[in-house]
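For the working numbering, count along the sequence shown from 1 and bump the result up by 1.
Errors might be hidden in some of the hints.
What the hints assert, rightly or not - Derived DEER-like restraints, expressed as beta-carbon distance ranges:
| id | residue 1 | residue 2 | range |
| --- | --- | --- | --- |
| 1 | Glu4 | Phe37 | 44 to 54 Å |
| 2 | Asp87 | Lys48 | 50 to 60 Å |
| 3 | Leu14 | Phe37 | 27 to 37 Å |
| 4 | Arg28 | Ala54 | 36 to 46 Å |
Hints are computed from structural coordinates only; laboratory data are not their basis.
Beta carbons: idealized from backbone N, C-alpha and C, even for Gly.
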Amino acid sequence: MDEIIDRLYRIELAADESLDTLNEKKRQLKNKYDDFRKDYQKEAEKKFTNETAQLKEHYEQEKNQELKVIEENYEENLKKIRDVFDHEQEHFVDRFMDAVKELGALDDE
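Use the sequences and the hints to build the structure in full.
Structure (structure tokens):
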């Protein structure tokens with residue numbers, strides 16, 4: 002009978018040891034998973050940050066190019082207006098004065 006109790010006790014000790022080993026493996030696996038998840042999350046955040054920065058830079062360049070085109074068009078139109086005032090204004094005044102003379106508003110000439 003003592004032999005049976007001793008054998009059952011050794012089986013219980015072996016089962017406890019196996020359970021401890023299993024729990025240790027579970028803990029190691031959980032730690033490995035947690036580390037993997039943290040690394041994956043860091044990589045995902047890094048990738049997201051890089052892609053966001055690239056998109057921001059791309060759209061900033063696109064915006065600057067569009068602003069440059071708008072500014073060039075504005076400068077070109079402003080130059081046309083200045084040219085009209087500087088060179089063609091005399092012709093408008095001459096045509097206006099000719100029309101006034103035809104109406105007879107200037108009798109002294």
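Taking the hints in turn, this is what the structure says about them:
{"no.": "1", "hint": "Glu4 x Phe37: 44 to 54 Å", "result": "holds, 49 Å"}
{"no.": "2", "hint": "Asp87 x Lys48: 50 to 60 Å", "result": "holds, 58 Å"}
{"no.": "3", "hint": "Leu14 x Phe37: 27 to 37 Å", "result": "holds, 34 Å"}
{"no.": "4", "hint": "Arg28 x Ala54: 36 to 46 Å", "result": "holds, 39 Å"}
In terms of the numbered hints stated before, the structure departs from none.
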